[in-house]
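A.B. asks: Listed below, chain by chain, are the residues.
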Amino acid sequence: MSEKPKVGVYVCHCGINIASTVDVEEIASFARDLPNVEVARTYSYMCSDPGQNLIKEDIREHGLNRVIVASCSPRMHEPTFRKTIQEAGVNPYFLEMANIREQCSWVHDDLEVATPKAKKLVAASVAKVRLLEALEETEVDAEPATLVIGAGIAGIQAALDIADAGFKVYLVEKTPSVGGRMAQLDKTFPTLDCSACILTPKMVDCAGHPNIELMTYSEVEEIGGYIGNFDVKVRKKARYVDFDKCTGCGDCANECRVKDRFPNEFDQGMGKRSAVYLPFPQAVPAKYTIDPEQCLYLTKGKCGKAPKCQEVCGVGAIDFEQEDEFVEFKVGAVIVATGFDPFDPSKKPEYGYDDYPNVITGMEMERLVSASGPTGGKITINNGEEEIEPKEVAFIKCVGSRDESVGNEYCSRVCCMYTAKQAHLVREKLPDANIRIYYMDVRAFGKGYEEFYDRVRRENVRYIRGNPSEIFKRGNKLVVKAENTLTSTPVEDEVDLVVLGVGMEPRKEMRDIMDLLRLSQSQDRFFLEAHPKLAPVDTATDGVFLAGCCQGPKDIPDTVAQAKGAASSAMIPLARGKVTISAQVAEVNEATCRGCGFCVEICPYSAIEMVTVNRFGYEIEVARVNEALCKGCGSCSAACLSDSIQPKSFRDWQILPQIAALGAMK
Amino acid sequence: MSANYEPNIVAFLCNWCSYAGADLAGTSRVQYPPNIQVIRVMCTGRVNPLYVMNALQQGADGVLVSGCHPGDCHYMEGNYYARRRLGMLKDLLEFVGVDPRRFHMSWVSASEGHKWKEVVEKTVEDAKEAGPFEGFRRRQIDW
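The listed protein sequences derive, respectively, from chains A and B. Numbers in my numbering are just positions in the first sequence, counted from 1, shifted up by 122. Numbers in my numbering are just positions in the second sequence, counted from 1, shifted up by 1427.
Excised from the complex, chain B in its bound form:
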């Protein structure tokens, strides 16, 4: 791994908490690593575990899913579903030999701009340590 390796990270953020929290980080001019690209979904409950696999297949070195704190879901229980599904996925990833540092889940509320920064820093740092991801055969969708 070269010293200046920069991981490519795809993040799925729920519209109501984490996406708003990331917006707040911007409004507060908090600085964090640029390796993270956000895809907005309405709820983490919408994040099909296959999206995570897909991102790793398409060239991402790490994936982050972030939603409302347990109990605070805008849709009442979507984040609980996400926690179940993605918790299971994390075990599965580890089982098939994917470094668990490549996949993170977090709870960031709409008022936690600073927490968002910490989450991004941690995710990027872990992905850096894990190095470039070449575990899956690339299956590039021609978009």
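Chain A on its own, in the form it takes in the complex:
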């Protein structure tokens, strides 16, 4: 290091956030005595404009070439202060932050205790900052395309926005049709718009958009690379129906030998479908799919003399020889919009979902009241003996939400409103029915929600505060046993139909996506966003964004808003055409590398390769790092036998003095 380090230490009060438990003036005067420290100051808000200017002026006046900001977490403001010192002509990597807020003043309430700890943290930062090195960031081209995983309303909306802006979108959907959960809904609260009516135009748009390549019945197999340059491999599962030939006429399904034998997923298993099927009438694309686990020909190798579907298909689209196809492409950004699973009420056996056919979930109720549903929109239910039109209908809210016993502490945010909506629909179709809603609280927080709740209450729907403890059968009725906690009276109501207001849970297949993209889960098991308030669509992996219920329960307006947010975030690298590659990558000292190749084996990104170099007339093998692939984790370094490979900014000789400083100050 040619230049003598001149360090400036800036201690932030953060209002009273730091100053109330850490004696900031004492920290500053302590810092002044540390080696190479030229200036140490305190300021109320270091991140504010005047705070940043203070640093810049000192850099100019005192010729500082290293800066320490003792304030909040580097995860919060490191980029801010890097920019600050860069603007004053200092390399942005000559910055070190001492985290005296999140990891000191906020977790210790005693001035006597927090101040000495803050001193140590500042001392460790000084120890390190003197030895940092100047780094230069590099830029690489970004592929102007996006991968969107999941084609529910979130994925569709994000795909449409990006495609409309002129970028290519690969929209990958696991099921045979786009539409997701929203397509299953009947009406939407609080406006009572028909869900299909507002969704199907978007479904059709995304299938026909010139910039969208729609891949249904497909799954993402592999994702490699990094922001701007992700390599994606998608498995297009065999439909056994020629996609281009199929006209969607449905003759095959009508003639199928196992016609209407299998529960229809779209109708939550209440309706039946054939082994060859279209998930629902408005499905996009309107192409049939053969379920390989149900088709006689595919499972038994034989279907009568010849498969009937093949006989009746006028265009010869049935193709039992079809195999899974793999497609590979490059994208610059990824949006994850994989949605949710409805809570499985079998986990609450007291509600008898598994025992009584007339205990159903909210999702099943959606299909029951839907004109395209299994009953054509007529509310009838089998009470175990006969098909009846229910006279007494009970709704139970918070099933699987706000319930620690099933591990879901969170509120699912939609059940209050969809229950109110379904109560309204029952009232519309069965004007004489007795409707009761058992609830803990009513949360009507959205635009027009409270008004809608009021309206439903005026429609002679009884709200009873109290969570039922049990549902059991008496004669041909179900008995809902609860306590009305407003009147402190036990109630036992005899009803014909119970609708469980089930909440949302993370998808069962979530783990696969997590492994593909290195995403984390939050406490509620949904995907973790980069910051709950300021980066709600970002993830810890650059270039990967979240939209919709995969990040947490949401209603449709919030989902659409987040999808649009994710789309605009994803378009940033696409529109810029370039992404900045971190400068904190590993570097090999070729003079000491002994060419053992341990680092090559260990690197999870295959970013290290062995190269042959000429040393004093001898050909020797040494390791070399591909900086575009290296992510700077440093696993290689801990394995290196000669300490030859080191991640920049986290080199041994930058970390060891930190350890020494912390150890020395007992």
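Mixed in with the good hints there might be a few duds.
Unchecked claim - Capping the alpha-carbon separation at 25 Å, the derived lysine-lysine pairs in DSS-like fashion look like this: (1) Lys381/A <-> Lys424/A; (2) Lys1544/B <-> Lys655/A; (3) Lys700/A <-> Lys686/A; (4) Lys355/A <-> Lys700/A; (5) Lys655/A <-> Lys1542/B; (6) Lys422/A <-> Lys359/A.
As the list claims (entries may be wrong) - Here are a few chain A residues that face chain B, going by a calculated C-beta distance under 7 Å: (7) Arg197; (8) Lys239; (9) Gln645; (10) Ala662; (11) Pro726; (12) Lys753; (13) Ala760; (14) Ile781.
The set of hints was computed from the structure by calculation and includes no laboratory data. All figures in this text were calculated on a predicted structure; none of them were measured in a lab. A virtual CB, placed ideally from N, CA and C, is assigned to each residue, including glycine.
Dock chain B against chain A, hints included.
C.D. replies: Only chain B this time, still in chain A's reference frame:
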């Protein structure tokens, strides 16, 4: 050991999970013992076992290494390497007569602020029980 002995503990936290989890503990104003000083690394895979030895030599009474849960590593497998290396180190420390209560490894995710508190409490409590560490000849680096 005096009753008010306070151990000095050095912790190595990975940037993505445990450091974020410790930040969350701060944001949630969870209170925990102040004996722990954190050094941020990008991944626990970066923690050379020698760092642990070094910390004990430099005056630390205990060392904690904390990273992402197995399977959740931001760098795919760094924490597995850490687990192997440091698991071996723990055995080695015990073999050379260092009280195993001085060295801890934990998995704390970015959403586990409360777990971080528990981990710190446990680490500090164990180091307190083990008492001041004088097992290694001090090799103070003049920084």
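A.B. asks: Confirm or reject each hint.
C.D. replies: Do the hints match the structure? See the list:
Between the alpha carbons of Lys381/A and Lys424/A the distance comes to roughly 16 Å, so the proposed pair stays at or under 25 Å and holds. Between the alpha carbons of Lys1544/B and Lys655/A the distance comes to roughly 23 Å, so the proposed pair stays at or under 25 Å and holds. Taken as a hint, the Lys700/A and Lys686/A pair is honoured in the structure, with Cα atoms around 22 Å apart against an allowance of 25 Å. A hinted pair counts as satisfied when its Cα atoms are at most 25 Å apart, and Lys355/A with Lys700/A qualifies at roughly 23 Å.
As the CA atoms of Lys655/A and Lys1542/B are separated by approximately 22 Å, the hinted pair is consistent with the 25 Å bound. Between Lys422/A and Lys359/A the CA atoms are separated by roughly 20 Å; this keeps the pair inside 25 Å, and the hint holds. A distance limit of 7 Å between C-beta atoms decides the matter here; for Arg197/A the minimum to chain B is near 6 Å, and the interface restraint holds. With a cut of 7 Å, the hint placing Lys239/A at the interface with chain B holds, because the nearest CB-to-CB distance is about 5 Å.
For Gln645/A, the interface hint holds, since its Cβ comes within 7 Å of a Cβ in chain B; the closest pair sits about 5 Å apart. Proximity of Ala662/A to chain B holds as hinted, the smallest CB-CB distance being about 5 Å (cut-off 7 Å). Interface restraint check for Pro726/A: the shortest CB-CB distance to chain B comes to about 4 Å, inside 7 Å, so the restraint holds. This hint holds: Lys753/A has a C-beta 6 Å from the nearest C-beta of chain B, less than the 7 Å allowed.
Checking Ala760/A against chain B: minimum C-beta separation of about 4 Å stays under 7 Å; hint holds. Using the Cβ-Cβ criterion of 7 Å, the hint placing Ile781/A at the interface with chain B is satisfied: the shortest such distance is roughly 5 Å.
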